[in-house]
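Novice: Using my numbering, read the sequence shown as starting at 178 and increasing by one per residue.
Only pairs whose alpha carbons sit at most 20 Å apart, straight line, appear in this in silico EDC-like list of lysine to aspartate or glutamate:
1. Lys407 - Glu302
2. Lys356 - Asp292
3. Lys335 - Asp382
4. Lys407 - Asp296
5. Lys407 - Asp292
6. Lys335 - Asp385
7. Lys356 - Asp296
8. Lys356 - Glu302
Rather than coming from a laboratory, the hints here were simulated on the basis of the structure.
As the structure is a prediction and not an experimental result, all values here were calculated from the model.
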Amino acid sequence: MTIHSAHANLRAPLEGPCYQNVGLTPLGFAVIKMWDRPRRFSVPVWGFAYYLLRQMAMLRTLLILGRVSNLPTVWSNCMAGWLLAGAGFDGSFLLLCLGATGVYLGGMYLNDAFDAQFDQQHRPERPIPSGLIRVEAVWGWGLAWLGLGLACLFLFGKVTMILALLLALSVLVYDAVHKVFAFSPVLMAACRFFLVLTAASVPRDTVDGLAVWSALVLGGYVVGLSYIAKRETGDSALSYWPCALLAAPMVLAVIVNRGDNQWRTAVLCGILAFWMIRCLRFALWAPQRNIGRAVAGLLAGITLVDWLSVWQGEALVAIVFAALFGMALLFQRFVPAT
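From just these sequences and the hints, can you work out the full model?
Specialist: Structure representation (structure tokens):
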């Protein structure tokens, strides 16, 4: 008896749209092609192969829901806040990154859970409307990640606990109302603002003025890119004035840096400006605009903003932020950033 006849009932799921949606089409079709030919392999071998394909599909679905390509920017925010506090790296920093990762992933899962009906009409390729995962499961994953993240952050001082609660509240409010609230980019900026302050508060359970100002200008940058992102699902024209907010980190850097830091600031401002113009070109000046590509690039640029806010010339710091920028771009090749 051939494998084809023994497992005809398992063949149908591999031929459906599921694997096309999660990027496993070449592998799926290869298995189907082999399935139609007599093989010497035993039934358990093919059963394991089918199980492995299903698990790979589910893993990619979870990665898409979590928008994990943006995680390097979350770790970058943590590092910026930590360095703004003037602390040395230790185990607490890793715990901070774990907590921030949990809150971020929880927010991304809950974002899709809240948007399930909207995505059904406007973004049918998303995991929930395409049938890759049930909305109840997404709610469960989201709340679990959010709870894990807060549990990690609650292990620090009182100020960090308060800021972590404000961070989680900002995430939940954004997820719930961002499709109907005109100023939702401000809510998105609040999430990044409180994340940087949370990170800055961990070493000494307090926050200084420079950390607050750095978090504010990062928020301005996020408002600008979030405004562009809101036009991704519509046909309305983009205005230029919100894009000016992208330059807020460079303005602060020029104001606060003196002496030897001025030339470093000039170099990093040049790099950041070049990257922003390159990204905006796809949304504002290209013959056929590609807002998704512009937003993805600007999201990766958050690492450059963080680098600009803290760099004092240390080679290791420069290498880490450059690596995080590269990781964000690399991850975007496999998992969509938006």
